[in-house]
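Asker: Under our numbering, think of the first position of the sequence shown as 1, with each following residue one higher.
Keep in mind the hints are simulated off the structure, nothing from the lab. There are no misleading hints in this set.
Ranges between beta-carbon positions, derived for each pair:
| id | residue 1 | residue 2 | range |
| --- | --- | --- | --- |
| 1 | Ser75 | Pro583 | 19 to 25 Å |
| 2 | Phe994 | Tyr382 | 49 to 55 Å |
| 3 | Lys264 | Lys87 | 32 to 38 Å |
Distance condition first, Cα-Cα at most 20 Å in a straight line; then the derived EDC-like pairs of lysine to aspartate or glutamate:
| id | residue 1 | residue 2 |
| --- | --- | --- |
| 4 | Lys55 | Asp265 |
| 5 | Lys245 | Asp810 |
| 6 | Lys245 | Asp655 |
| 7 | Lys87 | Glu217 |
| 8 | Lys797 | Glu741 |
Glycine residues also receive a C-beta, built at the ideal position from the N, C-alpha and C atoms.
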Amino acid sequence: MSTTATMGEMANSAVEFYPKRGGGSAEVNHAGDFGVTLDELRALMELRGAEALQKIQESFGDADGLCQRLKSSTSDGLSDNPTDLEKRRQVFGQNFIPPKKPKTFLQLVWEALQDVTLIILEIAAIISLGLSFYQPPGHESEGCGKVSGGFEDEGEAEAGWIEGAAILLSVICVVLVTAFNDWSKEKQFRGLQSRIEQEQRFAVVRNGNVIQIPVAEMVVGDMAQVKYGDLLPADGILIQGNDLKIDESSLTGESDHVRKSSDKDPMLLSGTHVMEGSGRMLVTAVGVNSQTGIIFTLLGAGEGEEEKKEKKAKKQDGAVAMEMQPLKSAEGGEVEEREKKKANVPKKEKSVLQGKLTKLAVQIGKAGLVMSAITVIILVLYFVIETFVVEGQSWLPECTPIYVQYFVKFFIIGVTVLVVAVPEGLPLAVTISLAYSVKKMMKDNNLVRHLDACETMGNATAICSDKTGTLTTNRMTVVQAFVNDQHFREVPDPSQINPNTLEMIVNAISINCAYTSKIMPPDVEGGLPKQVGNKTECGLLGFLLDLKRDYVPVREQIPEEKIYKVYTFNSVRKSMSTVVQMPDGSFCLYSKGASEILLKKCSGILGANGETRSFRPRDRDEMVKKVIEPMACEGLRTICIAYRDLPCDPEPDWDNEAEIVTDLTCIAVVGIEDPVRPEVPDAIRKCQRAGITVRMVTGDNINTARAIAAKCGIIQPGDDFLCLEGKDFNRRIRNEKGEIEQERIDKIWPKLRVLARSSPTDKHTLVKGIIDSTVLEQRQVVAVTGDGTNDGPALKKADVGFAMGIAGTDVAKEASDIILTDDNFSSIVKAVMWGRNVYDSISKFLQFQLTVNVVAVIVAFTGACITQDSPLKAVQMLWVNLIMDTFASLALATEPPTESLLLRKPYGRNNPLISLTMMKNILGHGVYQLVIIFTLLFVGEKIFNIDNGRNAPLHSPPSEHYTIIFNTFVLMQLFNEINARKIHGERNVFDGIFANPIFCSIVLGTFGMQIVIVQFGGKPFSCAPLNMEQWLWCLFVGVGELLWGQVIATVPTSHLKCLKEAGHGPGTDEMMEDELAEDEEEIDHAERELRRGQILWFRGLNRIQTQMEVVSTFKRSGSFQGAVRRRSSVLSQLHDVTNISTPTHVVLSTANASTAPGNAGGESVP
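With the sequences and hints as input, model every part of the structure.
Answerer: In structure tokens:
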């Protein structure tokens, strides 16, 4: 026995004592008159193997004794008596682990308030409010020069507080919107989690009937039926088992499967997976008292410290860390990791796209910070020089409040530039888009478990699909049979078969199928009968019904307890055998399995009259040629049914399987077909059109697989493709030493379409090979579908794993990212569509958002520098920011997908976020808007014949001039929002606009609000009401956006060479960093930085270079770029010193350094 095991037992036995003390008094009373207490059961479940058996014998006599004490029965289970069940829940707890408390709305509000820009705004607003209430003493302030102008109007002075209040109000708005979004996202996510949890059901015996109940309703004392593929929902003791093997790696980290039997090791633990066999267990611990629950509770208690520890542990080598932790956690290490992932799920919910965006947002934010700082400095300097140098004023103490008010005004303008520059709508847009898609995908039968899977699916380039159940209906039906030396092309009439042979067939099928496989009457009248359990077995049982015989009487005659020995089906044996004892004491073994495997073990066959004749290898080859290959070529799966009589004396050595399952007599060979789903060929055509290669990976033989692949359209006649068998595939990809070589895989996979007779490892090897391959210029993004326990590794390895919701085992669902609730391949196509839609929605929003940002920042900046006052006031900027960020992200992120999304190739992993076409649109519309706004700003008063709004004194009333500028600006954004609906340069921007009610209502709503603000906003919004003519002009300029959009669309992107760099600006760097920083930490970090103040004060110098790059992307003028590059080269040398710890930046900065010296002259760099 290994040392750890003995240590583990010591640790466990140490644990065993403590519950006794507490339970002293309870033991007499026997908790709620059950014969055993909760503590005793907990102590019992701590033990393993022989110790556990010993404890059961000492305390309860045997498992049946424990069963009686728990007032349950091994055969009939519990009675379905609600009061009894309720009592059990009170005494032993519910099978439910309470989730961590969700954040309250107030906590979310508090988090939203942590946003740096908002804090700055609040401070500015409060200072502004404070100062507006301060009245300078008397009117001696004449001496403060032209500064004091505007205080003449008493009413105006009174209204000074309005701006501050308005800023505060809009801050509150932004915070509430953000908090509400987070809150609804959290709520949705929890709803999804609970749905997944409620959907898991488990078979238990109640009142002697097997029923499926939700896992949460299981109680201590239940008799649960466990079978291949289950994830155990509670702890229990095995009462009766057939060849049961459990994967306990999630609890112990031991990868070998553990054999469980009622006489050697009966302890079954929650959270472990059944890998083979079946059995019945008595539930002894549920919920927080089960092994998984105990670990959860530990996690919950030490959440804070755990996280700190985890970070440290990450830095150490995993193995070392494992040794250093105390033993108990070394056992539960993996689970803790896994549970922790479950507990803090939202952390992992950061996708590649979100990472790209967060980084982009941080970079833009930094650029904005620099712009706003420069704005403030210029304003202050200008004011100081103008007042104290040019006019020669001296600073008088009584003028101080007035000067301070000016400085505060400048500060507020600076902050507004920053507010507009930071695109806080980006993370919001992703969240909304993903959450919306996930919700809608539910309707398309996609249950998304990990949000980012949704968007990854849009980039999928390959799908490795299982055949059974995904491409086919998973309703097996026997369509041909070879019995008594006759090949029947359809199911024979019972009269055509020898009666003895018929009897043998009935027995062999009825007994040698798991008793959990049954055929039930259909749910709806006229429907197909329901197949429950293993589909192949159901097909065979259906064959009996077609032969006008019934399997139920045979099973009643030989119930499950009377079966002597079962060799269950697994992927190695590819057959299943059952041994029953005959009345005379001899044994009969029935076997069924893949015909090419079982026929090798046959030495006899039932001939024309039902008599046995010898079956030599020569006969076998002939049978393969004449019967099995023709069946297989038609896409049938051939199953051989055989039997063998064994003597009772001497009793065979049942553990020596090779000796037992041999020398068989073949009864019949049947051809089972799993018809292709009607909608599959069409779905596969769509995938191929969308640039996605569909490959079929199946356990079936090569002929069947090829036939089905041809029916589905995976392979077309005349194509150049490969269909391989598992062993062939393995031979080709391994070198002489038997190691897998990537180059060898690279030679095969591009042409491989069908992989037949594949083992789970082959599937995993193929998926890994395709993902790691670098043959094509684009890295492949692979989706995998699977339903069986053995598909787990491949599902986990894939970029997106799809599990079957109906046929899938819990293990497969656990490993998957998306669950197909209708097990249908065409739902995968819908997932691709939604995934691409998410990506496009974000691009649309980006295109819109960046136009607003560029224009607003430049207007505020130049306006402030030239006229000492931003043409767009703080509150107006906030309104623009609110509609442009929050509402636009809602409007553009909820565009429904169209079929046309499937007509283009996937983007691939390293596609820049901002494509050339988008860059063209952003800059094109930016130019139009800037021309209009500056025209209005400098000659607007002449055009409209109104008062000039420039150089107005401090508290002057709002002018029509600036109102027109504000109004035009907003209307241009509104119409540009419609332009932004198309990102691939399409002409018709109204295409399908009415299919999106959210978009229409937001655009109209924003327009309505704008009218209200302009006409009645007054002082708080710095708006003066406009007349009809002025409104029409504003609208006309706005509509001009749509026409201008057509002009831009006419310019071919290929001619705009200068945009090349800009298009890839953030995108390529991002991807470079992403590839290097595979760890999500990097992204989380960026996000945290965006949220907290670090974006402002920390790392200022350290990262100025990055933000300079972004500025250079926006400014096209070459000389500016040259200058920036020169500066960045100096910085990058600093950078190399400062950032040794983070290799990502070093790589980037050295790249910059190498480009910089060349531009020392400052010549233009395209």
